[in-house]
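Visitor: Each protein sequence line maps, in turn, to chains A and B.
So the first sequence is numbered by the numbering used here: it starts at 1 and just counts up by one.
So the second sequence is numbered by the numbering used here: it starts at 1 and just counts up by one.
For the record, the hints were derived by calculation from the structure and aren't laboratory data.
Warning: the hint list may mix true and false statements.
[As the list claims (entries may be wrong)] Partial list, derived from the structure: chain A residues whose beta carbon lies under 8 Å from chain B:
#	residue
1	Trp54
2	Asn62
3	Ser83
4	Phe88
5	Pro109
6	Ile114
[What the hints assert, rightly or not] Among the chain A residues that face chain B by a calculated CB cut under 7 Å, a handful are:
#	residue
7	Pro8
8	Asn11
9	Cys113
10	Gln117
11	Tyr139
12	Cys140
13	Leu143
14	Asp146
We put the beta carbon where it would ideally sit given N, CA and C, even for glycine.
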Amino acid sequence: MRELKITPIKNGTVIDHIGNGLSLEVLRIIGVSGLDKDSTVSVALHVRSQKLGWKDIVKVENMELSPRKVNAIALIAPTATISIIRDFKVREKRVVDLPERIVGVVRCPNPSCITNQKEPVESEFDVARRRPVVLRCAYCERLVDDFLLHLA
Amino acid sequence: MGLKGRDVISIRDLSREEIEEVLRGTRRMIPYAEGTKIGQQLAGKLLMLAFLEPSTRTRLSFETAMQRLGGRTASITDPAASSFKKGESLYDTTRMLSAYGDAIVLRHPNEGAGRLAAQASDKPVINAGDGAGQHPSQTLLDLATMQESFGTLTGLRVVLLGDLRYGRTVHSLAHALAVFGAELVLASPATLALPEEVREDLDHLGAKVTVVDQLHQAVREADVLYVTRIQRERFADEAEYAKVAGSYRVDSALLSGAKPRLIVMHPLPRTTEIAPEVDGSPHAAYFRQAFLGVPTRMALLSLILTGKAA
Numbered sequence: 001m002r003e004l005k006i007t008p009i010k011n012g013t014v015i016d017h018i019g020n021g022l023s024l025e026v027l028r029i030i031g032v033s034g035l036d037k038d039s040t041v042s043v044a045l046h047v048r049s050q051k052l053g054w055k056d057i058v059k060v061e062n063m064e065l066s067p068r069k070v071n072a073i074a075l076i077a078p079t080a081t082i083s084i085i086r087d088f089k090v091r092e093k094r095v096v097d098l099p100e101r102i103v104g105v106v107r108c109p110n111p112s113c114i115t116n117q118k119e120p121v122e123s124e125f126d127v128a129r130r131r132p133v134v135l136r137c138a139y140c141e142r143l144v145d146d147f148l149l150h151l152a
Numbered sequence: 001m002g003l004k005g006r007d008v009i010s011i012r013d014l015s016r017e018e019i020e021e022v023l024r025g026t027r028r029m030i031p032y033a034e035g036t037k038i039g040q041q042l043a044g045k046l047l048m049l050a051f052l053e054p055s056t057r058t059r060l061s062f063e064t065a066m067q068r069l070g071g072r073t074a075s076i077t078d079p080a081a082s083s084f085k086k087g088e089s090l091y092d093t094t095r096m097l098s099a100y101g102d103a104i105v106l107r108h109p110n111e112g113a114g115r116l117a118a119q120a121s122d123k124p125v126i127n128a129g130d131g132a133g134q135h136p137s138q139t140l141l142d143l144a145t146m147q148e149s150f151g152t153l154t155g156l157r158v159v160l161l162g163d164l165r166y167g168r169t170v171h172s173l174a175h176a177l178a179v180f181g182a183e184l185v186l187a188s189p190a191t192l193a194l195p196e197e198v199r200e201d202l203d204h205l206g207a208k209v210t211v212v213d214q215l216h217q218a219v220r221e222a223d224v225l226y227v228t229r230i231q232r233e234r235f236a237d238e239a240e241y242a243k244v245a246g247s248y249r250v251d252s253a254l255l256s257g258a259k260p261r262l263i264v265m266h267p268l269p270r271t272t273e274i275a276p277e278v279d280g281s282p283h284a285a286y287f288r289q290a291f292l293g294v295p296t297r298m299a300l301l302s303l304i305l306t307g308k309a310a
């Protein structure tokens, strides 16, 4: 067992097995800017992994992820595992699972799509294919595979 | 699941059985569309038409279909003279339309508008074209035209010719034909080829698809030649447009080697893709196709508003 140069957290969330180099996207989804000022966010990039070869890890103190954020992580880091830490112990461990429908995470890249006009509507995508992930806009039916470029 | 009360936003919303139900209804509606039978199937029903982009055939055929079956219509046809001009959202407008009428037909410049309207409305919504997106009643009438000529869609060899990239009708038509097991032959200028994702969709459905650059050979073996308009506005310069547009004109010479039963279809309006000399030939099916828009929409409206089309 290799020791990581990141201190354990008392309460919070550990997102492990993030694909190599994708942790910054994960941070964007978590929205770390909204955390309270006493929380530590640790990011480990390019860590040896038996399962993946190389991986990233994100630890965030004092935060548990909403289902919507878990869905978003599933989209960009399908191999990730999420552990909820309470009082230094792993209380819950989840493998992320891509849902059938993704709401509000990705913007439709089609500028003429009704979701990009001044309408009271959230973006919504169906998962058209899982490996590799391709999304279909539930409104304009545009297929999207470069959704990392279009995170909301 | 029947079609009564349903939204029809994309051809994907309809199962093969439901499409077949519309096609059967279309055949029964032909005498009403011709005026040889008088119908009252939709008496007392009010259809709201919101056409926020120009249209001739689609709007008129929905109006005709409704009125020939004893129903009535009310419409927004000039967005500049409506509250859209004041910045009212489609969502709010649709809420109002759905409160007034029994069903809504919408044409809108933005893709996905039909889906949004369907969410806003508690009455059925028919998408009559959303930007470069879907136009399912066009697909249905295209299928009805082929069905009328050949009695089946399965196994037909259909050449799709022209702007396969931006053409609104051609993607959903290709999807539907693939569902019915027709064979697709794609002929387009390289810059206007079918988008990769549509190709993948067809492969996914197990469709037999070939791409040709020799139109003559393809036409000789075809049952249907489906021609689309090349949109001038897609080209930056006029010379480039002229080169492409000139590259696939359908005329008597092209059709001379065709099967006797080949039909030439076009969603209209045409520009120069089909020479006027073809109009008089037995191959020309595009005016029949435009006519079949009326019974197709009669069947669709009847099924949605009353659950039957007879």
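Visitor: Work down the list of hints and note, for each, if the structure agrees.
Guide: Each hint, compared with the structure:
1. Trp54: For A:Trp54, the interface hint is violated, since the closest Cβ of chain B sits about 31 Å away, which is over 8 Å.
2. Asn62: violated (37 Å)
3. Ser83: Hint on A:Ser83: violated, closest Cβ of chain B at ~37 Å, above 8 Å.
4. Phe88: violated (46 Å)
5. Pro109: This interface hint is violated because 12 Å lies over the 8 Å limit.
6. Ile114: For A:Ile114, the interface hint holds, since the closest Cβ of chain B sits about 4 Å away, which is under 8 Å.
7. Pro8: This interface hint is violated because 46 Å lies over the 7 Å limit.
8. Asn11: violated (40 Å)
9. Cys113: holds (5 Å)
10. Gln117: Check passed: Cβ of A:Gln117 comes within 6 Å of chain B, closer than 7 Å.
11. Tyr139: holds (3 Å)
12. Cys140: The hint holds - A:Cys140 has a Cβ within 7 Å of chain B, the shortest such distance being about 3 Å.
13. Leu143: holds (4 Å)
14. Asp146: violated (12 Å)
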